[in-house]
Each structure stands twice: as structure tokens, then as C-alpha cells.
Amino acid sequence: MKKLRNPSRRIALPAIAVLLGFLLSGCAAPVGNFPAVSDLRYKPIQWVPAEPERRVLKNGLVLYLLEDHELPVIHISATSRVGSEYEPADKVGLASLTGSTMRTGGTESFSVEEMDDTLEFLGAGVESSIGMESGQVSMGVLRKDLDTGLRIFADVLRRPVFRQNRVDLAKSQAIEGIRRRNDHPERIAQREFARLIYGDHPNGRMATVQSIRNITRQDMIDFHRLYYRPRQIFLGIAGDFQTEEMVAQLSEIFSNWEAAPVAYPPVPPVPREISPSVNVINKEGGQATVVLGHLGVRFNNPDLYALRVMNHILGGSGLNSRLMREIRSDRGLAYTVGSSLGAGVRDLGTFRVAGGTKPQTATEMISLMIKNLRDIQKDVKPEEVEAAKEAIINSFLFTYTSKSAIVAQQIFLEFHDLPRDYMRTYPGKIARVTREDVLRVAKQYLHPDHLIILVVGDEKKFDRSLSQFGTARTIRPDEP
Amino acid sequence: MALSRIRFTAVFLLGFLWTQAAMAQDLQDRVIEHRLKNDLTLLLLERHELPTVATNIRIKAGGVDELPGSTGLAHMVEHMLFKGTKTIGTRDYQKEQALLEKIQTVGNALDQAERKGKAEEISLLKTEFQKAQEEHRKLVIKDEFARIYSENGGVGYNASTSKDVTTYVVNLPANRLELWARLEADRMANPVLREFYSERDVVLEERRRGVESVGASRLYLEFLATSFLAHPYRLPVIGWESDVRSLTPQKLSKFLETYYVPNNTVISIVGDIDPKEVIALVERYFGPIPAGPPPPSLIVEEPPQKGERRVQVLFDAESSLYIGYHKPNIPSREDYVFDVIDALLSDGRTSRLYRSLVDEKKIAYSVSTSSGTPGARYPNLFVLRAAPRSPHTTRELEKGIYAEIDKLQSELVTPRELQKIRNRLEASFLMGLNSNSGLANQLTYFQTIAGDWRYILNHRRILGTVTPEEIREVARKYLTPENRTVAELLRPKTDNGTKP
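Residue numbers (this note's numbering), protein chains in the order written: chain A, 4 to 483; chain B, 2 to 501.
It is worth saying that the hints were derived from the structure and are not from the lab. Since the model is a prediction, treat every value here as computed from it, not as a measurement. All residues carry an ideal CB built from backbone N, CA and C; glycine is no exception. One should not assume that every hint holds.
Not everything, but these chain B residues come out facing chain A in the computed CB check (under 10 Å) [claimed, not checked]:
#1 Glu145
#2 Ala147
#3 Ile149
#4 Tyr150
#5 Asn176
#6 Leu184
#7 Val212
#8 Pro276
#9 Asp317
#10 Ser357
#11 Lys408
#12 Glu412
#13 Pro416
#14 Arg417
Covered by chain A, according to a simulated footprint, are these stretches of chain B (three or more residues, beta-carbon under 8 Å) [said to hold, decoys possible]:
#15 105-118
#16 132-144
#17 213-219
#18 256-268
Listed next, the in silico EDC-like pairs over lysine to aspartate or glutamate satisfying Cα-Cα at most 20 Å (straight line) [claimed, not checked]:
#19 Lys46/A x Asp273/B
#20 Lys46/A x Glu242/B
#21 Lys494/B x Glu367/A
#22 Lys143/B x Glu389/A
#23 Lys381/A x Asp440/A
#24 Lys363/B x Asp171/A
#25 Lys174/A x Asp360/B
#26 Lys464/A x Asp273/B
#27 Lys464/A x Glu367/A
#28 Lys362/B x Glu179/A
#29 Lys139/B x Glu386/A
#30 Lys143/B x Glu179/A
#31 Lys139/B x Glu329/A
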């Protein structure tokens, strides 16, 4: 992004009309002298975000480096091609446990006690985790402690030993986490909604007490050895260092790490045919929590820009969105309500509308949610589209809040084969979205007649029967 | 928006230290302090990494400043300040005024009728009320503050209410600072309490979501209500349901007049700024707002505790535990000693409670501590929170925790352990300097609570002087059975004795 446009030219029309209207009416003088917002003028912002340096070590390990000398601190993170999508169906939880135990199970050169003592005495941190599609090992350290920090960081990445007693501890903690995951209605609702959408596909699977019990120390050793290989790893380095020195140091540490091809098991495509359904999980007390929606899109979809604008108008922009206005602000039915457009990287994500209200207004809220999906397919006002575009473009600066964030963005793009200029071209692509585009994508990608609806709440107290939305069935969390 | 901060986190108590680093070393000289004639305090810090600014407005008013029967008032005020001014959020304020008065009169009558349960009167009033509201809606521009900020690239536009303070924040592109000054000065000077009744329903939903749906929140609420007898720290910021239902615009106006005055406000701006320009801007917009009389001070003092208090909450959730001990607040020397105890017990994997309860005895799923709960303006609590790992119970956890407290009272902390704590606080301070909004938050918080933002700088120097003997002494004096309150969250027993 070369320069932030001066959006004073683009203040939406209705604001001007309204404020002029006010000035003409000449109302009671407020305290202080407040110009109309539309009369304010702003200097343009000239700013070019820093570009990280890209290097590749001989074994294929990719480095992105960005110096930042404001504070004597260095952050390093390794993003790896590994994920829960590759774990066997009877060992769900293996990826996540492998990720955390790489750090907490000790390494060839450091017992876990030594590692904890050393890092914490320096005020440094090394953490490791594995998610659905990628793994992270990250470190934050003061510049003066870089050498010590790097030795531990590299060991966690390359030579974890998964000590048996630490494997046992991690498994017991995971099982306790499973026992506790139904304590919070919103978490139940989001998790069970994903299961309803994805079924047995890896995106919808979740760990069970049995699947955790099935996991052995050897499984973790194998999982790590299989997927942590130089060509599958991107290192992001930001902070108070000199690039050439850092590259030299990292080559020394990592150059004897042999590259090897990784055979990734095939991940099945997300099933496209999903029948609509109405589901209720009975839970007494408090609110009724609603999640409804269907499959969404992929990150590389050319319509993603128009979809982002559409979602901003519908329910993705807090108080400014239609869902918030109608359900919260006008009617006082909810504290939180909104929509999210999860764009999946490898495969389709989910489109969700979610909110919470008292059980006595549960179906009223669901009806309003569905009505809003239909309404946005029929009409959007030009000023709504303009306001959404302004908001997305003008807040784009905040995606660059730190040098490590910039490095992480570049790694994300390369990791997912997205163009390197993705960030730079993003505001321009949003700017070109038209009202017609928004209407078209609302019609094409929203399916108010093919929804999966899930309510967690006290069904006895609902204002009307859920059957008005289709045949309702009662399900229980965690059950197949 | 509008978090009522009933979560359990010691957000402010870790890691505000003076260090060797350039940025930190300079903080003393780089923060610019400016006081307006109306006694509004302005704190500025230049950071030119990115062409953005973080703004933070802190009002010294929160849950503790409410009167009995009006709990939830400070939080409701915070919600209502999103509704606009005489020039924001309205198509015609003059026309609106008469309607607002009518809605208020009918609304009050309706509230009273509903409390008395007079069905016929309720139905008549409801019709009248809805008609007036519909008419009023035509004059409202919905959520205009939010829309203007959003269109101008604002992010993180939000507010929160705690027991001690109310905070309004937004981050903006640096060239939009005048927009911020124009909107925020207007918000302070000319708030209009429109759409009050629907917003009151929103707050009731917020309460249902936050307190009634989540066992841990309900436990925290009862834990505080048991720990304090007299002091308003016992009351929930979100309010008791019956209190919230009976809040009126009149009560809110009075609160606004009393507390939302420049002499009770601290503002910080951190980021890509020219301090001279910013001072001129703030003078221009906030300068004309008249100072008010000094807000009243709280007279009530919590009587010393005379024996352990216990409370149980039965809820459809896995068990957990709070233990709290009364202690002095800022600027007491003992408050600093508790910051060290806090870190010793639960900061990191090598902390005493984590090692003992999670790693070794394997009876805890999680354990944490906080010093300065639920606020810092008045004497407060040192709090331990833990969740047992099945099949262990909250009682076993309690025993494990008391064993570690015994150790604090009998053995001296080693110099290396103390050094570790200092190092960790220093490093986390340095890493935290990277955040404009974090810095802005600390500046107004400590200026408001400690009376001087330099608390941030002095904190490490003072912590560095805390001795092992002092830690033992403070532990012996305060961490006693007579001074503690224990709250347990337990699952109600069902007929067949298992969980439902």
C-alpha cells in the first residue's frame, strides 16, 4: 500500500444531508463549538509498510526477516505444514497434543525442568502448538539472551523427546478439558455447529476421552518426525538484530537438518451436500444461544472481496451491521449478534449467524436472523456499500500493527500459495466492489432456505415451537 | 462493547518496570503531561512506527460509586453514551426533546405498573409507549458514533466499566485525531439518553449471557458478595437484575452530572502525533467544558474479617474454586509485596502453585492468582482461583493451596527466585511497550488510580527492594484462615447421582 487515500472525499452522502438538515434547523446550542463532522478535513497519510527480507537456506528452510530496533526484543516463529487434518480418525487430538508436548516434554539437550528454569529466569518464552492446517513454534526473547533462546527454540522444533510422564500429564489435562468443554453454552453451540456442518470430515471432528486414550508416546514421536522437515517450515524473525548476522546464525543452527520429502495423507474434500436441519441442545438457565448457517467459501474465491463487504453490512461490523441494529439496538433482544464469513484456506469454511437471547424470544430472534438473510438478497442501499468499503479500506492500516505481524502475513501468503502482493492490492479490490456485486454474492452464497439451525437453551421456555423452521430434533453435546 | 469486566484477571499488575532500554529509559521524559484549566489531565506519548493513534479516556467512576438500589448504573451510563449527543445520532434534536420527555414519563409509569402487576394498565401504557417509540425512531440516526468511527478507519471502538473506573477507547489513523476530539468532547458535554428502554433490555441480555449462563461468573459474583460485608466492592458491576430493571434516565443524568466532568477525567493519546498540535486540539474541544464540583468520596470502610467465610454455588458445570484474602491497596508498601507473592505463586510454569498442583500432585486442571481484586481504589483482595482435575475435589485443591501458603509463612524465598520475578517483569514490560493501546491504557489507569502515571516507572524500583523477610511477614499477617473467604462451584446432585 503506497498511500492511504484521503477518505474525506468519500464521506457517505447521507451524513452530509443529515448534518446540513440539522444546521438549517438551528437547534438549541450545545456546550462547546462542534463543527459538522462532514466539514472536518484530513491531511493525507503517506506511508509504505516495511517489506521483510526473504532468504532460503540450503536445505529449503525459508526465512522472512524484518529488523526493528525500537526495543531490545526479538520474536521468532516457525510455521510448519502439519495439522490435525492429517491425524487418524481414532486418534483425534494427536496433532494438538504433539504440538504442546514438543515444548513440555523436554528435548535431547534440555530436560523440561531445565528448559522452564532457563527460559523463565530470562523472562523469555518458547511455545509450541499445532492447529488444523499448520503448526507454530514461537519464541520471544530479549536481544541479550538470543543465543540461549535460539538453542532451546531449535531443539523444541527439531529434537523433542516426549518424555513419558509429560505425555501422560498432557493426556490427563486434555481429558479434563473435554470434561469441562460443555460448561459454556456459546462454546457448545459453535463446536456442535461445526460437527453438524462437517460431520466426520476432519474439520468437524473433535477429541473424545477415548481418542485421547488411544494416543501413545510413539504416536507423537512419529507424528513429529513425519511432518517437521526443513522444506515444510517457514521461519519469521522480527526485532532487534542485524539481518546478515541472523542469517548466518540460523544457517549454522539449521543447515545440518536434512530435507526429506513428506508424504501427506490425502484430506477428503468437505462434503458439499448437506441437508438443512433444526437442532436443539437442552440447557437450563440463562440465554438461548443460536448458531445458524451453512457452508461458506474458500480464501482464493475471487468473490471474497464482495462477500466481505456484504458480510460487513449484514452482521460483521458490530453496531454498524443490520443484524445488530434490528435485533439489539431496535428491539433489545440480544447483547451479541452477528455474522461471520469463515473463508477456509484448503476447503470451504462456514458462514454463520450467531446470537444469544432469553428463551422467551428465541424463535423471534431466529426469524429475524433469517429475515435479514432474505432482505440482503433483495436490496442493499448504495450508502451501505460505500460505508462498508470506507470502513474496510480505512482500517487497513491496523493490519500492520507490528513488525512480527508483517512477517506473519508474508508467511501466511506463501504458506497458502497466495500472491505476495495480496495485502498491497487488497484495498484496491475492496474499492472496486459495486452494489451489484454485493447483491449478486448475497444471492449466490447465502441460502436462507437451506440452513442448519442449532439452539442451545431451555426449549420449554421458547416463545414458539422450533418446528416452524423445519422438523426439530433434540441432540446432545459430544454424542455421535 | 461494554464489557462489564467481571472476568478474573489481574490485567494491570504485572510488568510495568523501568529498564535499560532506550524506549523505557526515555519514558520518564517522553510522556508529556498537560492539564487544562478545567482540570482535565492529558498524557501524550509519541511513537512514529505506524501512522496511527491509540486514544484512551478514563473516568474515575465505576460500580463503587453507585447508590444502593441502583447497581448497574455506571455500566448502564457507559452503554447510553454510545447513543449520541445533541448533534450526533439525531435528525432533529428539538423535535426529539419533547418525544424523549414523553417516552420517559410513560416509561416510568409502565415500570411502576409492571412492578405492581396491573395487567390492564400495563397493556394501555405499552400501546402508548410503543407508539411514542416508533415516532421517536424516525428522528434517530442509529449508532452514528460507531458508524463515523468505522468509516474513518477506527478499530477497537469500545468501552468498559469496572468497579473503579469507566474507559472509552478507539484507535484511529493518525490524521483523524480532530474527528476524535470533536466526537469525544461532544460526548462528554452533550450526551442525550435516547433509546434508553431498549438499551436496558440489551443490558439485561448481557447479564443473562454473562452471569446466568456461565457458572464461573456466577461463582465470582457470589464470592465477592461474601468477601465484603459493607464495601460496594461486594456488588456486581453489571447490577442485580431488579436494580437494572428499575434504572431510569433521571438516575443516569444525575450520575453523568456528578462524575463525567473534566476534573474527573484523564485522557491519553499514544502514537504518531505532534504533541503541540494535539494539545491545541484538546484545548479547543475540551477546554470549554466546565469543571464540576469534586465528586463525592466514598465513606464506607470494610470492617476487619473475623473468621473464615464460605459459600457454595450449585450450577450445571464442572467444579472450581475461589479463595480470597483481604489486603491493603495502592500505595501501601504491602501492596507491592503482594505483587511479588502473586508472581511467586502463579506466574509461569516454574511458579510454585503450577509446579506443585498441576505438575507434581496432579490435582489441578488450572490455577491462577491475582492481587488487587476486584479493584484498586480501595482495600481489596488477594485471590486464588483453581479448578480440580477429576476425580480430585475442590477440598483437595484447597489443602494443596494452603500447603503452599504455609511454606510462604515458614520459609524464606530464595534470592534466585526473587531475581527470576524481577527479570520476568522486566522482559514482559519491554515486550508490552510495543503496543500503543496498551501504553495508553496504563497511562490513564495509573494516573487515575495511583494519582500519577509514574507509578509505572517506580514499580520495579520498589519491587526490587522487597525482601524475603517482608514476604514472609506479609504472608503471616494476611494469608490467615480468619481473613479468608472460600467459594466453591459444585454440580447439583441428580437422582441417579451422576451428572445430567
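Each hint, compared with the structure:
1. Glu145: Nearest chain A Cβ about 8 Å off; hint holds.
2. Ala147: holds, 4 Å
3. Ile149: Since chain A brings a Cβ to about 6 Å from isoleucine 149/B, closer than 10 Å, the hint holds.
4. Tyr150: holds, 9 Å
5. Asn176: With a minimum Cβ separation of about 4 Å from chain A (threshold 10 Å), the hint on asparagine 176/B holds.
6. Leu184: Holds, because the Cβ-Cβ distance from leucine 184/B to chain A comes to roughly 8 Å (cut-off 10 Å).
7. Val212: holds, 8 Å
8. Pro276: violated, 17 Å
9. Asp317: Hint holds; aspartate 317/B Cβ to chain A Cβ min 7 Å, cut 10 Å.
10. Ser357: violated, 14 Å
11. Lys408: With a closest approach of 19 Å, the lysine 408/B hint is violated.
12. Glu412: Given a least distance of 19 Å, the restraint on glutamate 412/B is violated.
13. Pro416: violated, 12 Å
14. Arg417: holds, 8 Å
15. 105-118: Violated - the segment 105-118 of chain B has 0 residues with a Cβ nearer than 8 Å to chain A, which falls short of three.
16. 132-144: holds (count 4)
17. 213-219: Holds, because 5 residues of the segment 213-219 of chain B bring their Cβ atoms closer than 8 Å to Cβ atoms of chain A.
18. 256-268: Violated, because only 0 residues of the segment 256-268 of chain B bring their Cβ atoms closer than 8 Å to Cβ atoms of chain A.
19. Lys46/A x Asp273/B: holds, 13 Å
20. Lys46/A x Glu242/B: violated, 48 Å
21. Lys494/B x Glu367/A: Violated - the C-alpha atoms of glutamate 367/A and lysine 494/B are around 34 Å apart, more than 20 Å.
22. Lys143/B x Glu389/A: Roughly 17 Å between the alpha carbons, so the hint for lysine 143/B and glutamate 389/A holds.
23. Lys381/A x Asp440/A: Holds, at roughly 13 Å.
24. Lys363/B x Asp171/A: holds, 11 Å
25. Lys174/A x Asp360/B: holds, 13 Å
26. Lys464/A x Asp273/B: Violated, at about 53 Å.
27. Lys464/A x Glu367/A: holds, 13 Å
28. Lys362/B x Glu179/A: Between lysine 362/B and glutamate 179/A the Cα gap is close to 15 Å, so the pair holds against 20 Å.
29. Lys139/B x Glu386/A: holds, 18 Å
30. Lys143/B x Glu179/A: violated, 45 Å
31. Lys139/B x Glu329/A: Within the cut-off at roughly 14 Å; holds.
Checked against the numbered hints above, the structure violates hints 8, 10, 11, 12, 13, 15, 18, 20, 21, 26, 30; every other hint is satisfied.
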